[in-house]
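A.B. asks: If you want the building blocks of each chain, they are given just below.
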Amino acid sequence: MKFFISLLIGMVIAIVLWVLVIIGEIHNPTISSQWVYDVLSAKYKIAKSIKEPKIILCGGSSVLFGLDSKMIKNAFDRPVVNMGVNAGLQTPLVLQTCKSVAKSGDIILLALEYPDLYEYNGKPNAQSISYILSHYPSFLLQLTPLEIVTFVWDIPLSRVIEGYQKTGGKPITFGPYGAHRIDGFGDETDTKRVPKEYIDGIKNEKSKVFDIANLDSSNIVWKKLQKFKKWADENGIKIVAIPVSMLKEKSYSHSSRYFALLKKRLDDIGIKMVGNPIDFFYSIKYFYNTIYHLNDKGRKIHTKRVIELLKNSNL
Amino acid sequence: MLFNSYEFIFIFLPIVLSGFLLLRYFGYHKLIPSWLLVSSAFFYGDFKLWHLPLLIAMILINYYFALKIERSSYKKRYFFIAIALDISILAWFKYASLLPILDSIKPDTLPLGISFYTFQIIAYLADIYQGRAKRLKLSDFALFILFFPQLIAGPIVHYAQMVPQFDSLAKGKTEIYFSNGLALFIIGLGKKVLLADTLSPFVDRAFGVVASGGSLDMISAWEGIIAYSMQIYFDFSAYSEMAIGLALMFGLRLPINFNSPYKAIDIRDFWRRWHITLSTFIRDYLYIPLGGSKKGDINTIKNLIVVMTIAGAWHGSGWTFVTWGFLHGVWLGLSHIKSKFIHISLPKGINIFVTFIGITLLWVLFRSNSLDTALLYYKFLFTGDITDTHLLAKDYIVSFVLLTTLFIVWFLPNAKEATRYIQDPNQELPQPSVAIAILCGILLIASLKALSEGASHSFIYFMF
Chain A
1 MKFFISLLIG
11 MVIAIVLWVL
21 VIIGEIHNPT
31 ISSQWVYDVL
41 SAKYKIAKSI
51 KEPKIILCGG
61 SSVLFGLDSK
71 MIKNAFDRPV
81 VNMGVNAGLQ
91 TPLVLQTCKS
101 VAKSGDIILL
111 ALEYPDLYEY
121 NGKPNAQSIS
131 YILSHYPSFL
141 LQLTPLEIVT
151 FVWDIPLSRV
161 IEGYQKTGGK
171 PITFGPYGAH
181 RIDGFGDETD
191 TKRVPKEYID
201 GIKNEKSKVF
211 DIANLDSSNI
221 VWKKLQKFKK
231 WADENGIKIV
241 AIPVSMLKEK
251 SYSHSSRYFA
261 LLKKRLDDIG
271 IKMVGNPIDF
281 FYSIKYFYNT
291 IYHLNDKGRK
301 IHTKRVIELL
311 KNSNL
Chain B
1 MLFNSYEFIF
11 IFLPIVLSGF
21 LLLRYFGYHK
31 LIPSWLLVSS
41 AFFYGDFKLW
51 HLPLLIAMIL
61 INYYFALKIE
71 RSSYKKRYFF
81 IAIALDISIL
91 AWFKYASLLP
101 ILDSIKPDTL
111 PLGISFYTFQ
121 IIAYLADIYQ
131 GRAKRLKLSD
141 FALFILFFPQ
151 LIAGPIVHYA
161 QMVPQFDSLA
171 KGKTEIYFSN
181 GLALFIIGLG
191 KKVLLADTLS
201 PFVDRAFGVV
211 ASGGSLDMIS
221 AWEGIIAYSM
231 QIYFDFSAYS
241 EMAIGLALMF
251 GLRLPINFNS
261 PYKAIDIRDF
271 WRRWHITLST
281 FIRDYLYIPL
291 GGSKKGDINT
301 IKNLIVVMTI
311 AGAWHGSGWT
321 FVTWGFLHGV
331 WLGLSHIKSK
341 FIHISLPKGI
351 NIFVTFIGIT
361 LLWVLFRSNS
371 LDTALLYYKF
381 LFTGDITDTH
391 LLAKDYIVSF
401 VLLTTLFIVW
411 FLPNAKEATR
421 YIQDPNQELP
431 QPSVAIAILC
441 GILLIASLKA
451 LSEGASHSFI
461 YFMF
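Listed in order, the protein sequences are those of chains A and B. The numbers in our numbering rise by one with no breaks, and the one at position 122 of the first sequence is 122. The numbers in our numbering rise by one with no breaks, and the one at position 339 of the second sequence is 339.
Mixed in with the good hints, there may be bad ones.
Stated by the list, open to error - Computed footprint of chain A on chain B, listed as stretches where at least three residues anywhere in the stretch have a Cβ under 8 Å from a Cβ of chain A:
#, region
1, 179-193
2, 439-449
Unchecked claim - Below, simulated SDA-like cross-link-like pairs (lysine to any residue); rule was C-alpha separation at most 25 Å, straight line:
#, chain 1, residue 1, chain 2, residue 2
3, A, Lys170, B, Pro425
4, B, Lys449, A, Lys264
5, A, Lys264, A, Glu119
6, B, Lys302, B, Phe341
7, B, Lys302, B, Asp46
8, B, Lys449, A, Trp18
9, A, Lys2, B, Asp395
10, B, Lys449, A, Ile23
These are computed hints drawn from the structure, not numbers from a lab. No residue lacks a Cβ here, since even glycine has one placed at the ideal position from N, Cα and C.
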């Protein structure tokens with residue numbers, strides 16, 4: 001028995017050491033999270049400057065690249081802020097980002113990328129880990145105990161070392177992503193000209209798999225969305241889910257059951273999704289550099305269709 | 001299913017162990033070998049199902065020959081037919097690719113563990129032939145070959161080392177065996193996951209540069225080969241320790257396969273410490289039958305070169321392995337001459353260092369995919385440029401791990417010493433110390449954490 005007790009003590013020591021090592025580098029800026037921080041800081045600033053009820057475009061990179069805030073503003077005569085960010089941040093962080101800028105009377109247009117953001121299973125990805133550790137550690141307190149344990153366990157050693165090296169800190173002002181690429185609404189700019197290698201990159205991207213087995217009602221993502229909806233109701237904020245702009249692929253035409261179930265799941269928690277996702281898959285000529293990122297032309301077409309959809313739904 | 005995978009650690013092993021302990025607890029002792037056989041077959045079949053029928057066929061055919069060797073008056077004939085058949089099957093899978101004429105029918109892959117289980121079968125047949133082993137029940141013979149901890153990469157076990165212990169599957173002190181087994185398994189897991197697998201991408205990079213015709217500076221070349229020297233030791237010895245640990249959990253003691261080989265003071269000492277069960281096999285079934293060291297110095301040297309060249313070829317069909325084995329044979333021969341005629345003694349530390357450097361230099365042949373690559377690598381080792389932009393210059397994790405491995409091999413006790421493992425089943429097994437248990441706890445968490453960050457890497461010796 002002495003062996004097993006000692007073994008257990010060793011395991012506890014290892015876990016405590018790991019936690020201490022992580023705590024030692026919390027808040028240290030890293031290059032891997034710097035541009036996400038820059039973009040979100042700029043977007044918070046835009047949102048804060050709006051005093052009247054506004055429309056918040058909420059989602060990942062398809063929102064950032066795929067919606068034209070100015071067109072939406074003109075269509076509904078309301079200020080708009082685009083809170084989409086292309087960093088692979090996961091559902092809880094995306095929702096929290098929008099939550100932190102929303103006020104009573106606001107409307108949140110929710111465009112979570114499928115399948116990934118609707119299939120969040122509590123396992124953090126590298127981007128979320130890096131951003132949370134460097135810039136938003138208090139976010140961990142909003143997670144369930146199991147999510148916190150998973151988060152701490154999943155932090156890669158290389159990220160901890162990067163934290164101790166303090167590789168970030170200075171705003172990033174060049175490259176394809178960052179605060180220098182967004183306009184006064186928070187929309188991505190400069191996507192008119194599409195380099196050939198970007199198109200080649202899109203062609204090489206793996207097709208997404210829409211499997212209804214991944215939409216089980218017991219999944220943690222629905223609890224997150226339910227909580228989000230409850231918070232919105234309590235604070236006089238309206239949420240409308242809208243389709244996501246995405247590259248059209250032949251195989252996706254067989255995904256109607258997946259999207260019908262997705263809409264039902266949202267319906268069950270009181271979030272209405274307008275339109276049919278399958279109708280918002282576009283040809284490659286409308287894309288910029290990934291299967292979710294529309295180019296200038298694509299963005300205008302998609303935004304126009306979303307506006308029509310919203311008007312028909314009496315937003 | 002690899003030992004260093006979550007599915008093995010959290011699903012397969014707990015199920016097999018629970019079944020084993022339940023059978024023991026409820027007194028169904030006769031069912032234990034069957035349970036272990038079924039589990040082992042599942043374990044092996046999980047890698048590639050089609051390898052399993054071949055292994056089963058090998059077991060059945062050799063069991064038939066073992067019966068014939070024991071009972072028939074044509075012992076010798078049956079013995080040599082069986083050996084020829086086993087060697088032919090092994091040679092077919094390992095060397096058919098050397099003959100272009102066989103291109104259309106040669107096997108695509110090498111059945112996992114075939115080099116190891118073939119040698120174990122041959123050792124058993126030789127023991128039966130020489131009257132050192134008794135005839136076994138088919139189920140015991142099958143378990144002797146198929147027992148999953150040592151099936152794929154050894155240790156190569158003799159009849160006398162394992163079969164008499166089959167009785168202890170049903171008795172023995174569970175807690176001491178289990179705690180010792182767990183300690184050895186965890187140490188092996190840590191060596192593999194934390195050390196060998198961290199060095200692996202760096203070694204691939206260094207050798208990859210040379211294999212693709214690029215050039216390496218001298219420091220990078222030395223970093224690469226020292227890293228490989230550590231990788232192969234920590235990889236292979238890790239497997240052996242995990243195998244010994246797993247067997248212990250079931251009450252069986254397997255022979256150790258490594259005994260601090262990089263503390264060897266000369267090449268003969270190295271081969272007494274490195275892959276001990278293969279060295280023993282080669283000594284008993286090749287070197288001694290050839291005459292060993294009893295027919296004069298010239299014959300001794302010749303025998304050493306022949307058996308080591310065969311040992312090299314056992315690893316693979318490439319000329320790199322043959323040359324590696326041949327050079328080890330030559331070195332052993334030179335060492336034999338030195339021990340007879342030159343009596344200069346150097347400080348132990350210098351002997352250890354010189355032996356390590358020699359062994360490490362020969363690993364270049366073992367790791368390279370062709371003789372040309374190996375020669376080019378040697379060129380960079382001795383005539384490459386010296387720059388401060390060498391491969392490890394900013395790779396802090398690999399640098400730290402490499403230094404750690406060097407410290408471990410030269411200054412720390414090995415796993416057997418640390419856990420106080422005794423391979424003789426007739427001697428009492430002591431409990432591992434509290435310090436080792438705590439260290440194992442830390443290692444277990446660190447290893448599981450490392451495993452969660454990436455895929456499980458196969459063991460180097462699985463390709464042999």
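A.B. asks: Does each hint fit the structure? Answer for all of them.
C.D. replies: Verification of the hints:
Coverage of the region 179-193 of chain B by chain A holds. Counting CB-CB distances below 8 Å, 3 residues qualify, and the rule asks for three or more. Interface restraint, the region 439-449 of chain B with chain A: holds (9 residues with C-beta to C-beta distance below 8 Å; minimum three). The suggested pairing of Lys170 (chain A) with Pro425 (chain B) is violated, with an alpha-carbon distance near 64 Å, which exceeds 25 Å. Restraint check for Lys449 (chain B) and Lys264 (chain A): not satisfied, since their Cα atoms lie roughly 38 Å apart, outside the 25 Å limit.
Of the pairs offered as hints, the one joining Lys264 (chain A) and Glu119 (chain A) holds, with about 15 Å between alpha carbons and a cut-off of 25 Å not exceeded. Taken as a hint, the Lys302 (chain B) and Phe341 (chain B) pair is honoured in the structure, with Cα atoms around 18 Å apart against an allowance of 25 Å. A C-alpha spacing of about 43 Å is found between Lys302 (chain B) and Asp46 (chain B), which places the hinted pair above 25 Å, so the restraint is violated. Under the criterion of a C-alpha separation no larger than 25 Å, the hint pairing Lys449 (chain B) with Trp18 (chain A) is consistent with the structure, at around 10 Å.
Pair hint Lys2 (chain A) plus Asp395 (chain B) does not hold up; C-alpha atoms about 40 Å apart against a cutoff of 25 Å. Between Lys449 (chain B) and Ile23 (chain A) the alpha-carbon distance is near 17 Å, which keeps this suggested pair within the 25 Å criterion.
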